[in-house]
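Make the full structure from the sequences, and use the hints.
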Amino acid sequence: MTSYVMGLLDELDARADPRTKELLFMGNPTLVLSLIAGYLYVVKVWGPKWMEGRKAFDLKHVIMAYNASMVLLNSFFLSKILRFSYLGGGYSWICQGIDIHDPNSIHLINYGWWYFVVRILDFADTMFFLLRKKYSHISFLHVVHHSLVVWNGWLFMTFGPGGQGVMGVCINSFVHIVMYTYYFLSALGPSVQKYLWWKRYITRMQILQFAVFIVYVSVPLFKDCGYPRFLVYLAISQCFFFLVLFVNFYLSTYVRTKRGEVHFFCGNYEATSAATVPPEARKVNGKANGHHNGLTSRATA
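Residues are numbered in my numbering as their position in the sequence shown, beginning at 1, plus a constant of 638.
Bear in mind the hints are in silico, worked out from the structure with no lab data behind them.
Be aware that a few hints might be false.
Lysine-lysine pairs mimicking DSS-like chemistry, simulated, CA-CA at most 30 Å apart [unchecked claim]: (1) K693 <-> K772; (2) K771 <-> K687; (3) K861 <-> K659; (4) K682 <-> K861; (5) K682 <-> K772; (6) K698 <-> K687; (7) K771 <-> K861; (8) K832 <-> K698; (9) K698 <-> K659; (10) K771 <-> K698; (11) K682 <-> K693; (12) K832 <-> K718; (13) K832 <-> K771; (14) K861 <-> K772; (15) K659 <-> K771; (16) K698 <-> K682; (17) K772 <-> K718.
What follows is a set of in silico ranges between Cβ atoms, one per label pair, in the way DEER data are often shown [claimed, not checked]: (18) R867 <-> L725: 26 to 36 Å; (19) D862 <-> V755: 28 to 38 Å; (20) V850 <-> L678: 27 to 37 Å; (21) V680 <-> K861: 42 to 52 Å; (22) W731 <-> R692: 49 to 59 Å; (23) Y888 <-> A762: 19 to 29 Å.
For each residue, glycine too, the CB sits at the ideal point set by N, CA and C.
Put into structure tokens, the structure is as follows:
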């Protein structure tokens with residue numbers, strides 16, 4: 639068994655992109671798999687036990703700072719990656735292969751690696767739920783999404799950084815900018831939340847990104863531009879998996895109650911649904927409705 643595992647690791651190392659295999663987390667999958675396993679153990683086993691007998695933490699200002707930083711970071715990554723790919727690096731908007739001799743590729747790898755690190759930092763979303771004792775928000779979709787995003791990041795950075803997959807990073811960065819902007823604004827309270835009418839479109843946008851990228855990343859199957867087919871199949875399978883999960887999430891959680899409230903899961907801080915709730919229904923047991931049953935879990939992409 640040990641020899642088989644070692645042989646598999648040697649095979650992975652041989653197939654790894656020489657430009658990234660020496661970077662932290664890249665190449666050998668042991669470290670990144672350990673991180674994911676540790677994340678799952680903490681949020682599902684150790685964390686809830688540790689919080690027993692402890693009061694939920696008030697993390698409002700910490701979460702606001704976190705959301706603001708994520709808006710800035712994703713904006714930075716989007717601008718830099720576009721600069722060295724589609725808007726300044728000569729990338730084809732239709733079909734782009736992987737060129738290890740492209741002088742811009744080292745910049746894309748650098749920013750791509752940091753983007754991967756930030757996706758690891760996204761584990762903080764779950765930690766916020768844990769520390770606030772919002773265990774029901776740590777859903778299957780939430781945990782699987784965060785775990786697979788990190789794993790997929792490792793796969794693409796290790797075996798095929800750049801090329802057609804860069805568009806996925808650009809789309810995902812934009813989606814994160816919109817989402818974290820919403821999370822930040824929603825935490826400012828009812829006076830701001832009533833203007834956030836566009837919250838209902840966030841999940842639709844998440845679903846759309848998967849559908850669009852499935853079509854886009856499929857182009858190399860019909861036009862040979864030097865992008866590895868196994869990466870295309872990997873991207874399609876993962877996007878389709880997420881598409882099914884998010885569509886199911888959308889259908890099962892966007893349900894209007896008799897009072898007209900919209901119940902859905904999105905975000906790392908509870909926010910009001912008052913923008914879509916009649917005035918007479920905005921108070922429930924003396925609490926602002928959104929802080930009682932508004933944004934209650936995270937479904938990000």
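Between R867 and L725, does the beta-carbon spacing fit 26 to 36 Å?
-> With Cβ atoms ~27 Å apart, the hint holds.
Measuring from beta carbon to beta carbon, are V850 and L678 in 27 to 37 Å?
-> 30 Å, holds
Compare the distance between the alpha carbons of K693 and K772 with 30 Å, and conclude whether the hinted pair is satisfied.
-> 12 Å, holds
Using the C-beta atoms of V680 and K861, is the stated range 42 to 52 Å upheld?
-> 44 Å, holds
Between K861 and K772, is the straight-line Cα distance small enough, at 30 Å or below?
-> This hinted pair is violated, its Cα atoms lying about 47 Å apart.
Check the following: the C-beta atoms of W731 and R692 are separated by a distance inside 49 to 59 Å.
-> 52 Å, holds
Holds or violated: K698 to K682, with C-alpha atoms at most 30 Å apart = This hinted pair holds, its Cα atoms lying about 23 Å apart.
Distance restraint between K861 and K659, which requires alpha-carbon spacing of 30 Å or less | With Cα atoms ~28 Å apart, K861 and K659 stay inside 30 Å; holds.
30 Å Cα cutoff - pair K771, K698 | Holds - the C-alpha atoms of K698 and K771 are around 14 Å apart, at most 30 Å.
Beta-carbon spacing of D862 to V755 - inside the hinted bounds 28 to 38 Å or not = Taking Cβ atoms as reference, D862 and V755 lie about 33 Å apart, which means the hint holds.
Can the restraint linking K682 and K861 be considered satisfied, given a maximum Cα separation of 30 Å?
-> Not satisfied, since the Cα-Cα distance of roughly 44 Å exceeds 30 Å.
Proposed proximity, K771 with K659 (alpha carbon, max 30 Å) | Violated. K659 to K771 sits at ~39 Å, over the 30 Å cutoff.
Consistency note: the structure conflicts with the earlier hints numbered 4, 7, 9, 12, 14, 15 and 17.
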